[in-house]
Amino acid sequence: MELVLTEDQELLAQTAADFIRQHSPVSRMRALRDTNDPIGFSRDLWKQMAELGWTGILIPDTYGGAGMGLADLAVVLEALGRTLAPEPFLSAVLLAGELLSRAGNEAQKQAWLPGIASGEKILTVAYQEVRSRYDLNRVTTKAERQGQYWLLSGEKIQVLDGQTADAFIVSTRTSGTANDPVGITLFLVAKDAPGLKLTSQHRVDNRPTALLVLDGVKVAQDSIVGSLDNGYDALSQIVDRATVGLCAEMLGGMSQIFDNTVAYLKTRQQFGVLIGTFQGLQHRAARLFMEIELARSSVMAAARAADANDPDWQSLVSLAKARCSDGYILAANEGVQMHGGIGMTDEYDAGFYLKRARATEMTFGDAAWHRERWARLHRY
Amino acid sequence: MANLEQFRTETRKWLLDNSPQGVRGLILALGEGNWGGRKALYPNPDMKRWLGVMAERGWTAPEWPTQYGGGGLSKAEAKVLREEIVALKLPEPLSGFGLTMIGPTLLQFGTEEQKREHLPKIVRGEIRWCQGYSEPGSGSDLASLQTKAVQHGDYFIINGQKVWTSYANLSDWMFMLVRTDPNAKKQEGITFILVDMATPGVETRPIKLISGSSPFCETFLTDVQVPVKNVIFKVNQGWTVAKALLNHERSMIASAFGGGGKKRTMRDWAEEYIGLEDGRVADSALRHRIAQYEMDNLAFKLTADRSRDAARAGRPPGPESSMFKIYGTELNQRRQELLLSIAGPHALGWEGAGFTDREITLTHDWLRSRGNSIEGGTSEIQLNIIAKRVLGLPD
Chain A
4 MELVLTEDQE LLAQTAADFI RQHSPVSRMR ALRDTNDPIG FSRDLWKQMA ELGWTGILIP
64 DTYGGAGMGL ADLAVVLEAL GRTLAPEPFL SAVLLAGELL SRAGNEAQKQ AWLPGIASGE
124 KILTVAYQEV RSRYDLNRVT TKAERQGQYW LLSGEKIQVL DGQTADAFIV STRTSGTAND
184 PVGITLFLVA KDAPGLKLTS QHRVDNRPTA LLVLDGVKVA QDSIVGSLDN GYDALSQIVD
244 RATVGLCAEM LGGMSQIFDN TVAYLKTRQQ FGVLIGTFQG LQHRAARLFM EIELARSSVM
304 AAARAADAND PDWQSLVSLA KARCSDGYIL AANEGVQMHG GIGMTDEYDA GFYLKRARAT
364 EMTFGDAAWH RERWARLHRY
Chain B
-19 MANLEQFRTE TRKWLLDNSP QGVRGLILAL GEGNWGGRKA LYPNPDMKRW LGVMAERGWT
41 APEWPTQYGG GGLSKAEAKV LREEIVALKL PEPLSGFGLT MIGPTLLQFG TEEQKREHLP
101 KIVRGEIRWC QGYSEPGSGS DLASLQTKAV QHGDYFIING QKVWTSYANL SDWMFMLVRT
161 DPNAKKQEGI TFILVDMATP GVETRPIKLI SGSSPFCETF LTDVQVPVKN VIFKVNQGWT
221 VAKALLNHER SMIASAFGGG GKKRTMRDWA EEYIGLEDGR VADSALRHRI AQYEMDNLAF
281 KLTADRSRDA ARAGRPPGPE SSMFKIYGTE LNQRRQELLL SIAGPHALGW EGAGFTDREI
341 TLTHDWLRSR GNSIEGGTSE IQLNIIAKRV LGLPD
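From first to last, the protein sequence lines stand for chains A and B.
Offset between the first sequence (1-based) and our numbering: plus 3.
-10 is the number that our numbering gives to position 10 of the second sequence; each next residue is one higher, with no gaps.
Take the hints with a grain of salt, since some may be wrong.
To be verified - In silico lysine-lysine, DSBU-like type, Cα no more than 30 Å apart, as pairs:
1. B:Lys209 <-> B:Lys95
2. B:Lys166 <-> B:Lys(-7)
3. A:Lys124 <-> A:Lys112
4. A:Lys269 <-> B:Lys95
5. A:Lys269 <-> B:Lys368
6. A:Lys269 <-> A:Lys124
7. B:Lys209 <-> A:Lys269
8. A:Lys269 <-> B:Lys223
FYI, nobody ran anything at the bench for these hints, they're computed from the structure.
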């Protein structure tokens, strides 16, 4: 495994950086929030990103994608993370798209993958419940067999891009007790299915999420993604892969708020001098620099290990997520603090990074959860 | 490329034919290598033979020019030689500051006469070198050093004191920074000079640390007469030479803590001193500290790998390389403290009954590790360097 960007990846990174500069400064994210935009991202930019091939990076080329890997998508996601671009990579590409690619049947792949690659279809995965915290095996939403059909009942929270999704992949319990990883089944549910109620949520980071209530939603046998009772393995592997993508976004975000902070230290004057001359701030900035470099190495290693299916790829994912959670929070907290009063104003961008840092921390397992998992994976 | 493979084959044969039996498979810990010098002892006589055969070939200093006793090898050939030595489980024939610090400095800044005088003796392991930089009043602020050198014709008379000199009591020569112009700006009044430790007026005293005995020494200089021809580069321009040398020292220390594999895992220590419950370490707080340490250790190793991979791909050195000394040393300190926490009261042994050898070593290693963030450039200095040189923050 080589921890360097290939020439193609460097080109991809440059293209993404140019695109962001031109089309997606932080002010765009601010405007989406200020106008209470109902879908929370730009359909038009999503289409442009599809035309650039980004939405299809992970999708196999037989379904209209590029058949490339996480290491490639990571450079795009990092660029987007720098300016908090909210387009649905996590939901449609990393969660739903990957789940269908790896666990779906041919009909499901044909029905959805080309549409995700082209930017025309949005698909998301509903896996989180009120008390599930970060454990994908804590599923109480139930699916009961009724002849040729299944009836789904339960509640899912913070479904990413729920309000724009054309369909949902929902984790349900078909057998076993509440926390049993065996007995979990994934169902593909269309947005207009009777008994499905969607309520938009307003999260602190302004990313579009929804509450999904299923009240006796009736679905056919062929809407099972993967196989009966065996959905947990596929789901947890996909979430691990999606975590790498999320970490790439977090790396971009922490790098940008750090750059903003260092720039401020070099321009803000108090007591007749630049505040960047204060050793206390210099040392904190130097420590932050180190944390970000360590996060970067971890993300690069995790992406490459996942792409290569290395035996230790999951512990590298835990390393990356723990590092990025701690790093993004530190960078954002220090970002607000070092900007002083203006860092606390809504008008300033620092607050956005703080909010996104926390939201990403609490997605797919926080640092403590991943340290616990590391210990388990290393058998202690 | 064919030439290099041929070189490898010939080298391997030569090493097999010429390495004494008593050095085959000899694994030496850090600090246990052969440093040579007039006072060198060879409890293993084959080690002396090994030094002899390699020195004759110039392979103790493989890349140095042959006219000074070196091997005259290219970088690629030297790499092959190193690989073959490791592959055949042979020890390094010679170590020390002669090879790593003063030798390269002489090659860069020395006169022809100085190179011919000193380099061959380093190559043959006849002369052992130590470094005289820090003083009681000049640590992080090295340029403020006060050891005075006053010129009298062909000689300097040197008076002063050096501290933290590793192995001064075992060394033959010292490369030293002295003040030759007390009136100039501090960096512009310093001279880099070579001193024979056998000169009258040179006295060394070992320094005892909180962890017990150490190789560090104080060196007292009273009216020491040193020829002017021992000045490297130019009088009052020694700071230039010193800066070049400091970089060598920092990378040497950092690589010693490069997140490499240790023999006993944290899990093994925890199993012995804390115990397991259902196969898991029975103290969840310690379990998390262990995980945190291991994860940070891996992230550090990956960052070193990233730096190396970039260099191999021909990319310029990245800013991440400036963090290796500070992060590596702090990781080692955390490791020692974590082991202390795991061993609990069993980590309180200084010596003697009721403590195993491993536990006593642990206690001493922990104490010694407190110095890692101070020696070779303090962590605070490292942060200053990152802030100013990498982040460009203002003075």
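Hint check results:
no.: 1; hint: B:Lys209 <-> B:Lys95; result: 12 Å, holds
no.: 2; hint: B:Lys166 <-> B:Lys(-7); result: 54 Å, violated
no.: 3; hint: A:Lys124 <-> A:Lys112; result: 13 Å, holds
no.: 4; hint: A:Lys269 <-> B:Lys95; result: 47 Å, violated
no.: 5; hint: A:Lys269 <-> B:Lys368; result: 11 Å, holds
no.: 6; hint: A:Lys269 <-> A:Lys124; result: 45 Å, violated
no.: 7; hint: B:Lys209 <-> A:Lys269; result: 47 Å, violated
no.: 8; hint: A:Lys269 <-> B:Lys223; result: 27 Å, holds
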